[in-house]
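Peer 1: Assemble the whole structure, with the sequences as input and the hints as a guide.
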Amino acid sequence: MSDARPTTRYTEYHPRWYRPRVSTWWWLARWPYLKFILREISSVFVAWFVVVLLLQIRALSRGPEAYAAFERWLQNPLIVLLNLITLFFVVFHAITWFNLAPSAMAIRFRGKRVPDLLIVGTNYAAWAAISLVVAWFLVRS
Amino acid sequence: MAKQSNEPVLWALFSAGGVMAAFVIPVHLFLLGMAFPLGWIPAPSYEHLLALVRLPITRLYLFVLCFLALFHWAHRFRYTLYDGLQIKHLNELIFVCCYGGAIFGTVLAGYLLWNFR
Amino acid sequence: MAETISLEVLRYSPERDAEPSFQTYDVPLRKDWVVLDALNYIKDNVDGSLTFRWSCRMGICGSCGMMVNGEPKLTCATFLSNYANEKKPVRVQPLRYFPVIRDLVVEVTDFMTKLQSVKPWLIRGEEKPVSDGEYLQTPDQLDCYKQFSMCINCLLCYAACPVYGLDPVFIGPAAIALAQRYNMDSRDEGAHERMDVLAQHEGIWGCTFVGECTKVCPKHVDPAGAIQQYKLTATIERFKTFLMPWAAR
Numbered sequence: 158m159s160d161a162r163p164t165t166r167y168t169e170y171h172p173r174w175y176r177p178r179v180s181t182w183w184w185l186a187r188w189p190y191l192k193f194i195l196r197e198i199s200s201v202f203v204a205w206f207v208v209v210l211l212l213q214i215r216a217l218s219r220g221p222e223a224y225a226a227f228e229r230w231l232q233n234p235l236i237v238l239l240n241l242i243t244l245f246f247v248v249f250h251a252i253t254w255f256n257l258a259p260s261a262m263a264i265r266f267r268g269k270r271v272p273d274l275l276i277v278g279t280n281y282a283a284w285a286a287i288s289l290v291v292a293w294f295l296v297r298s
Numbered sequence: 018m019a020k021q022s023n024e025p026v027l028w029a030l031f032s033a034g035g036v037m038a039a040f041v042i043p044v045h046l047f048l049l050g051m052a053f054p055l056g057w058i059p060a061p062s063y064e065h066l067l068a069l070v071r072l073p074i075t076r077l078y079l080f081v082l083c084f085l086a087l088f089h090w091a092h093r094f095r096y097t098l099y100d101g102l103q104i105k106h107l108n109e110l111i112f113v114c115c116y117g118g119a120i121f122g123t124v125l126a127g128y129l130l131w132n133f134r
Numbered sequence: 405m406a407e408t409i410s411l412e413v414l415r416y417s418p419e420r421d422a423e424p425s426f427q428t429y430d431v432p433l434r435k436d437w438v439v440l441d442a443l444n445y446i447k448d449n450v451d452g453s454l455t456f457r458w459s460c461r462m463g464i465c466g467s468c469g470m471m472v473n474g475e476p477k478l479t480c481a482t483f484l485s486n487y488a489n490e491k492k493p494v495r496v497q498p499l500r501y502f503p504v505i506r507d508l509v510v511e512v513t514d515f516m517t518k519l520q521s522v523k524p525w526l527i528r529g530e531e532k533p534v535s536d537g538e539y540l541q542t543p544d545q546l547d548c549y550k551q552f553s554m555c556i557n558c559l560l561c562y563a564a565c566p567v568y569g570l571d572p573v574f575i576g577p578a579a580i581a582l583a584q585r586y587n588m589d590s591r592d593e594g595a596h597e598r599m600d601v602l603a604q605h606e607g608i609w610g611c612t613f614v615g616e617c618t619k620v621c622p623k624h625v626d627p628a629g630a631i632q633q634y635k636l637t638a639t640i641e642r643f644k645t646f647l648m649p650w651a652a653r
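Chains as they are written, first to last, in this note's numbering: chain Y, 158 to 298; chain B, 18 to 134; chain V, 405 to 653.
Don't read these hints as lab results, they were simulated from the structure. One or more of the hints may lead you astray.
Claimed, not checked - Mimicking DSSO-like on lysine-lysine, the simulated pairs with C-alpha atoms at most 30 Å apart in a straight line are:
id, chain 1, residue 1, chain 2, residue 2
1, V, 550, Y, 269
2, V, 492, Y, 269
3, V, 491, Y, 192
4, Y, 192, V, 492
5, V, 550, V, 435
6, Y, 269, V, 532
7, V, 644, V, 550
Peer 2: Structure, rendered in structure tokens:
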């Protein structure tokens with residue numbers, strides 16, 4: 158067989174295939190698909206965090222009054238709600254990322270495949286450790 | 018050898034960004050967006066944060082975080098628009114907007130952090 | 405347990421119909437019957453025109469893949485009794501994302517072409533003469549690719565993959581998993597030949613790791629894992645050619 162895709166010509170003797178079109182709302186039809194799209198949407202909230210971080214850095218560089226204004230902005234109920242949703246999505250990203258890590262990286266040690274649970278567990282442990290380190294730097298007066 | 022595609026590079030950035038985002042963004046966001054503003058944990062003082070961000074290592078860390086997280090968003094969002102909305106005919110536009118946005122954000126982060134005093 | 409169960413089966417006759425339609429049949433509900441048994445009962449006793457593929461009826465030939473209540477399943481491995489307590493009839497449709505030729509039979513030439521393009525056979529620079537004996541392989545070397553070799557080409561993974569549905573040029577989970585089966589085989593020397601096909605946009609890069617392919621695979625091949633592992637391999641190769649062009653093959 159050559160590389161060319163088989164061409165289809167509907168002749169008298171060729172069956173008319175039925176080819177349903179995939180709906181734009183394909184991702185609403187099944188829960189696993191919706192979960193997948195939510196996981197992908199989490200990237201938008203990751204980008205939002207970067208925006209907040211850059212706003213913080215800009216406020217810091219502009220002096221104590223500007224920074225106090227930034228802190229008040231963070232206390233605005235709408236912003237708190239947005240950040241709560243963002244936190245949910247960012248954690249969702251982290252959990253789905255770590256849970257998929259073992260299939261994405263088939264690590265072999267001395268010929269045998271490292272157990273999935275070990276890889277996932279190591280990731281979660283590292284997550285906890287790194288979070289504590291970051292918190293230690295930030296939670297100080 | 019077929020023409021070398023740039024997908025591997027973009028995917029590598031997406032993966033690195035995903036790892037970075039997964040490990041550090043939750044704690045950063047929890048503190049910055051929830052715990053400090055709502056008073057659950059006493060917020061760090063202006064002087065402390067200023068001293069922290071002034072350190073070159075902190076600014077490097079923040080730059081890498083922004084850079085990787087933005088490229089993670091760009092790659093993932095680009096594919097979501099392809100698949101989720103089936104607007105493949107806008108391929109080039111989506112590509113430019115996503116990675117262009119990431120580049121813009123990275124340059125902005127670099128500018129802010131380089132000129133930080 | 406009730407005496408009978410209802411099946412709602414998609415019917416499409418290209419000579420007669422412009423569009424497919426559903427037809428409902430009542431079949432006996434036997435506790436050891438699978439959906440394939442029900443379809444054969446319909447063909448033998450109710451409507452001989454019902455057309456569908458099947459062969460081994462034991463989950464190894466890969467012929468009987470269909471959508472059962474919206475999920476890709478091997479009909480020889482899906483028990484009717486699982487659906488006994490539902491109010492609605494069991495809906496049987498042809499495998500999703502493939503053109504329907506007739507009733508429950510789909511056109512799979514697209515997959516066959518793609519499978520062939522990844523060269524799913526052992527490629528060697530030089531073949532050893534038979535007199536030199538067999539190619540030896542340790543159990544650990546076998547373990548590297550064994551999972552991917554379990555694929556029965558049933559195409560349930562294609563029916564589950566939204567990327568394949570939205571963009572039929574995507575090479576698809578099974579083709580990539582089978583390419584990996586040979587890439588990871590210690591006897592094979594053809595990885596760079598397959599890379600040309602796989603490293604295209606319609607190769608591995610179309611995949612967004614939805615993961616549904618792995619969920620529906622009846623043989624636990626884990627094609628999603630194979631694809632992500634290959635993305636890493638392809639990326640490392642790309643960086644190598646970029647950083648060390650003199651080492652390019």
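Peer 1: Taken at face value, is the distance from the CA of residue 269 of chain Y to the CA of residue 492 of chain V at most 30 Å?
Peer 2: Roughly 47 Å separates the two Cα atoms, so the pair is violated.
Peer 1: Below or equal to 30 Å on CA atoms is what counts here, so check residue 550 of chain V against residue 435 of chain V.
Peer 2: With Cα atoms ~34 Å apart, residue 550 of chain V and residue 435 of chain V exceed 30 Å; violated.
Peer 1: For residue 192 of chain Y and residue 492 of chain V, compute the direct alpha-carbon distance and say whether it is at most 30 Å.
Peer 2: Distance of about 26 Å is within 30 Å: holds.
Peer 1: Is residue 269 of chain Y within 30 Å of residue 532 of chain V, Cα to Cα?
Peer 2: Roughly 29 Å between the alpha carbons, so the hint for residue 269 of chain Y and residue 532 of chain V holds.
Peer 1: Given the proposed pairing of residue 644 of chain V with residue 550 of chain V, does the C-alpha separation stay at or below 30 Å?
Peer 2: holds (28 Å)
Peer 1: Verify the proposed pairing of residue 550 of chain V with residue 269 of chain Y, using a straight-line Cα cut of 30 Å.
Peer 2: Holds - the C-alpha atoms of residue 269 of chain Y and residue 550 of chain V are around 13 Å apart, at most 30 Å.
Peer 1: Verify the proposed pairing of residue 491 of chain V with residue 192 of chain Y, using a straight-line Cα cut of 30 Å.
Peer 2: holds (27 Å)
Going through the hint list in order, the structure does not satisfy hints 2, 5.
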